[in-house]
Every structure is written in structure tokens, then in C-alpha cells.
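> With the hints as extra help, turn the sequences into a complete structure.
If you read the protein sequences in the order shown, they are chains A and Z.
Numbering-wise (my numbering), the first sequence opens with residue 14 and increments by one.
Numbering-wise (my numbering), the second sequence opens with residue 6 and increments by one.
Each hint should be verified, as a subset may be incorrect.
[To be verified] Stretches of chain Z that chain A covers, calculated by requiring three or more beta carbons in the stretch to come under 8 Å of a beta carbon on chain A: (1) 29–38; (2) 57–64; (3) 119–127; (4) 246–256; (5) 262–269.
Just so you know, these hints were derived from the structure itself, not from any lab.
By construction, the Cβ of each residue, glycine as well, lies at the ideal position given by its N, Cα and C atoms.
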Amino acid sequence: MKHKFLTCAAVVAVMFGLSPAMGQTTLRVKPPGDVKVLDPTIASDSIARNFGYMIYDTLFAVDEKLGIKPQMVESWTTSQDGKVWTFTLRAGLSFSDGQPVTSEDVIVSLKRWSAVDSMGQQLNAHGAAWAKTDDRTFTLTLSEPWGFVLDTLGKPGAPVPFILPARLLTNLAAGQSVPEQIGSGPFVFKKDEWVPGSKLVFVKNSRYQPRAEPASGLAGGKTAKVDRVEWLIIPDQQTALDALKKGELDIDEDIPTDLIPVAKSGAGITVSRVDTIGVAQQIRLNSLQPPFDQPKVRQAALLATDTSEYLGAMASGDSTLATICKSFYICSSPYVTESGFPSFNLDKAKQLLKESGYDGTPVVILDAAENAQIHPASLVAEQQLKTAGFKVQVQAMDWATVVSRRTSKEPVSKGGWSIFISGPGGLDMMLPINHLGLRSNCEKAWFGWPCDESIENMRAAFGDTDDQAQRRSLAEKIQLRALETVPYIPLMVAYQFRATRPEISGLLTPPAPVYWNVAKK
Amino acid sequence: MLTFVVRRLLTTVPVVAFVAFVVFSILHLAPGNPAEIIAGDQATPEQIAAIHQALGLDQPFFLRFVQWFWQVLNGDLGQSIFSRLPVTTLIAQRLEPTLALMTLTLVLSIVVAIPTGVAAAAFQGRWLDRAVMAMAVAGFSVPVFVIGYLLAWIFSIKLNWFPVQGYTPLSAGLGPCLANLVLPACALSGVYTALLARMTRTALIETLSQDYIRTARAKGLAEIPILFRHALKNAAIPIVTVIGIGIALLLGGAVVTETVFAIPGIGRLIVDAILRRDYPVIQGVILLISLSYVLINLGIDLLYTFIDPRVRY
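This is the structure:
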């Protein structure tokens, strides 16, 4: 009888999924998007970068004040002429498969990364030569001193210089992604539990040795306080919010601005900024093709842009959700300046357009119609430019098509474009040296391909000086020149918001969302 | 019969080959490049070209098609451009949630729709018939996502009976699996219940006007056996056809329902793949769907012979 009862109980337990409590803490997070490629060096998007921070580590990292701090590095020295840098790794570092992290891993990883990253390329342009001294010590020799070596090695913007095992990288062709995901970071990726488009699972890396300093930003002790982190890809925002309220989710990253009041209505739910930097919403102009191949036409478009209307369309007019900075630098940049930045002036815009001899060539706006911010912004751009006297065509498409169309250098009559609206991460809009939007090196510049030797010379001079006053002066001069060339039109800095359940504590606010130091009651 | 089945199975090959070629061509012509999507915002044209080459996308169209079709003939649907996982693995991961949702939706639809349709036909023109038809119109008209949100709000948020989202595999237990599927299946079954109820009613009304039904009534047979044993069996062919269409449609994925309830099914797999231009996944899933259509149609045709012995092939 007892045996039958136990058998029945076991059957019921299996049927209804009742298993003994595992005693594990699981943090369930809805990330801002799905990870497309499990290689944060090949994929330079922020989601791949966030994935990288879970499982990989870096030599240096930024703290909460964006100061550069050592991470995998124990100590480093610089030669008197500033050309030779010697780094020593912390003792006992190992990858999640148990293999030690060596100088060779660092050198191979950084060589691969520097081929694709703009800061890495600048490091290479200064004659970077890496050499192994022993398993824990390596040197970087430059042909000339450069003031951004540590900023480059600790950069938090994608692609991040993560350290991977050299054995996984040596036979990879350019553009080929890494076959296994083995890192020396605080978590281990469970590939066997991965359901692309639905779920990513990470477990605590038992071999990880956190630094002794408290966690700050992306630096300090990366102590995993939960056993398991699940990234749940929930495509519908309302469903994600319902799951959060019900406790099926602990953190909902990047909730849309219109749902913030709904999120706040949940018992104990906290809504906060994901980071303090935000994304730089902007109108990118095609400087290569008419009508925006004429600087005066671009200046007219800048003067015709009333950013307050964009704030209304993209952030419900709420200045806590977005900030307007009249600057090419993101609001939190140490170099932010409003110097020379004009105010909205429709009459002057019309006058400039007339002076430019604008012949009515249509302005083609690539409108990512499925995007809740880009689509309304495209419609505002259409209206404002029409009011200023432009002929405008808005072409609706999905984001993948925008990504493809914006690479076209053809005239608008042959499938080209004039404008697309985008919000690159603020980290790429902070310093002149790696500024995505201000880069004016023609073919090598970001889409729109602005070409201006003077800006490029000043950007190079910025990198070559250590003097803060001189850097500030150069940053201002670059802005003044950019107001003449107008490579793009800054709109606003939009912030991303996360909603968190009351059981969660210890969330950090670095430039990338990370889940070490996070505890769950 | 066997000759018919073999002949039908053989006709599947050119159908699937044609579908494969059309899908491959359309994807080739469509704008968008996965290499640009992988590379991201910061990438230079050289980096994009390197990824393009690494993925083999620089090969001529016909060479790529022939290579891919040869793989398919060998049972290999290729690898996802993004996840680098075999397409068969991705489909296998998504097949269970889709099949589970499809089964529960169809069971719910059949259990509700057939008795309701029969009742509507039996009481044709009376209040019950009108009520059933009004509900059928509502079932057709209210979008699935509206029903989904309402059900989630009432039964998950307010009553706390079911989870809001996600899917629990059957291996974790029937209870948790069903708990995740009840609301999406209810939301999705609305339209199928409406369709099936209307079809049952129409088919039955026509059958009930036949001479043999009048004869059955004349010899004093009760109404229930007349409806279920004599009329329904003879009205079954259009009903079975609609059920078959439902299976085929649901296999293709109930994208909206899967999105609202975050179920990792085939529908979401193909939508994500289209948005990223993940060509091997799109091709693999469309092949699977077209093959399913052919096989389901074959199954329905064979079922006709059991329902109606007069049908011969």
C-alpha cells in the first residue's frame, strides 16, 4: 500500500513538474534585445557587448565615474619616453575550462580586436607591437607616445577588447566568429541550454577570482551573487512587464517610455536609468550625394531642425526621458560644449536653402517603420524639412533594410538615400578621437561619408596631446568646424530605463548592463 | 490505394524543389545583407566584406543554390548564419512548443466547435443558432492579440492561475507544460472554433435536408442519434478539410500568439530569421511548412476514404 502511494506520488510529481528545490538563485532578465552572434568582436552591437561582459574579462575597465581601472592587470609601467608599456596579469587567472590565462591569450585577442575597432586601429597606427615576456608579463611598444593607451584597453563601447583563449582564435579567418564561448569572466555561458531567440543561460564561474576592490561600474570585484542568470527574450513589451509584475521576471531592461507609468504602478517595482550616458539620437545626412553634398544645404537642414518637436515625438516631451544638448558631444562627455551651436531658425534655413541653389532633388528618408522612436522622428523630419522648402520622400522599411540601404553610395534616383535616423551609444559620441558621428575621413567615415581634412587633423592632434586644456580647446574647435560641415544633426540624448522587482539589490549602472554584484532575496 | 499514396509522395519532390527555388530566389533578390547586420554600426566596408566572405555569401547565386539543395537532399538544411547552429537543431527546438500549442488549440476548437455547430444546425433559425453564429462572428473579428492580452490580464495578473509567458517543455511535467499553454491555446482557438462551428453548421444543415434523414425520422429514430450517428458522419468531409487546413496553418506558426505569450515556436523562429535575413533558417522552415502542407493534404485525402467509402483513388 505504502509502495503504491509513493509510486502515485512520484507520477504526480513528474506530471506536474514538482521537483525537489535545488536551492539555487536564478536571476531572470529580459535583455534589451537578442544576441545575434556569440562573438562580441565580430558583432559590434551593444547586445553582443553585454553578452561579452557576462563571460569574458578585460585588462582594464571603467568605474562608475568612467575612470580607467585595472581589471585583469595587476600592475603596469610606462617607459620614460612613453613608448614602452609593460603589463603584468593578476596571478591565478583562468578560463572557465580551467586553462590559465596567459600573455599569449592577451596578445592574440588584442591583435584580433584591434583590427576591427576604431580605437584599436588608432593604436595600431601608432606602431603597436605586442611581445610576450613571460606567461604573465607582456609589453606594448609604440613608435610614438599616445595618450589613449589605457582608455583604449579599457574602452566599454563595442567592440570591447575582451580576452579570449588564443587556441580558439589562431586559425580563424577575418570575419569568422569564435566557435566556442570560453572566457575568464564571472559567468559561464551554457550553450547546451541556449534557445536562440528565446533564452540564454549563464551560471556562476566557480574559477573566477574577483578583485578585492568593491564593484564600481565595469571595474572592481565582479562577484556573482546569484547561481544562474537567464536572459529571456520576450518580444512583446507588455507581456514582459506583466511577467515582471507577476515575478516571472526580475529585471526588464529597456522598457519603452510609454510603459514607464505602467511599470511604476506595479507593487514595489522600481524604474531607473540603465546608465547615465544614454544614446545619441541623430539625423545622419548623406554628404556624398545631392542634395546634402552641399554644405549650405546641410546647414539649412540643421537650422530647420526644431529638436523640441523631436522630444515630443520620441520621448513624449518628457525631459526626464531624454535631454537636449546643443552639442556634437553627448551630454555626459567631459568635452560637451554648446559653443557656436545655432538655435532653430526657419527663416534663416529658408534663406540658406535659396542661396545654395537647391534644385528640388528629393530628400529620401529611410524610415525604420517598426521602430517606435525612429518612425515618429522620420515623420517629424519630413514635416520640418518640407516646411523649410525641401522636397521629401519618406520610404518605410524594416531596420534590416535600412542597415543595407544606408551602405549605398548611389544617388537617390538609383536606390541611394539622404537621411536615416539612428541612436548610436553615447560612448561612441563622447571623445573626438573615437567619435562615430564626427569622423570625417571620407570613405572610412560612418555612413554619409563626410570628408573634412581639418576635422581629421584636429582629431589626430587631440589624441597626440595629454594636456587637458588643449584637448578641450581642440574639442571646441572640432565642434565649430563640424557646424560648418554638418556631418549629422544631433537631436537629443535618450535614456534607457529598466524596471526591477523589489527582491533585487546591488544593480550597478555602468555603460553596459551587468549582473555581477546583483543579489536576489 | 498504395499506388495513390506513392504517386502523391512522388509529386511532393517537384513541389518542394519548386518552393525551394522560389524561396531561394526571392531571398536573393530581397534587400538586406546578414553580414551588415552582424557587423553592426561601427563596421567598415572591409569588415563587412570579410564577414560576407566568411559566410560564403560572395559566391554566385546558382552555385549557392546548388550547394544548398544538394545539402537538403542529404538531409542537411545548413547552419544559421547568426547562431551557427544547424537549422535542423533550431527547428527541433521550436517544433515541440508549436506542436503542443497546435494540438491543444485543435482539441479545444474541436471539443467546443463541433457540438456547438451541431446544436446550431439542429436549432436552425432559433435563438441558440443566432447566439452561436454571433459568437462565431466575434471569434472571427476580435484579433488574437486582444483576446490574448485580455486572457493574460484576467487569468494571470488578476486571478494568478496561469503564467503570463514562456513555455515549459513536456519533459518538465505535463502540468507546467499545460499551464503555459492554456491561455495561448484559448486565445488562438477563438478563430478556429468560429470557423469550425460555422462549417459544421453549414454542412449539417445540408445533410439534414437529405431523404435518408427524413426516413430515419419517419421510422422514429431519436434526434441525437440522427444528428451524431447519421448526419454528422455524412457531413464530416468539409469539417475534416477545415481541421486539416488548421493543422497546416498552425504548423506554420501562430506568430502573434507566440509573440504575446513569448512561446519559442516555429512562427517566431521564421519572423526573427526574416528580420535578420538568416537565409538558411528561412529556407529550412519554409521547406518544412511546404512539406507539411503536402503531407497533411495527403493525410486528409486518405481520411476521406474512411469517412466516405464511396471515395476511391
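> Next, verify each hint and record whether it holds.
Hint check:
| no. | hint | result |
| --- | --- | --- |
| 1 | 29–38 | holds (count 3) |
| 2 | 57–64 | holds (count 4) |
| 3 | 119–127 | violated (count 0) |
| 4 | 246–256 | violated (count 0) |
| 5 | 262–269 | holds (count 5) |
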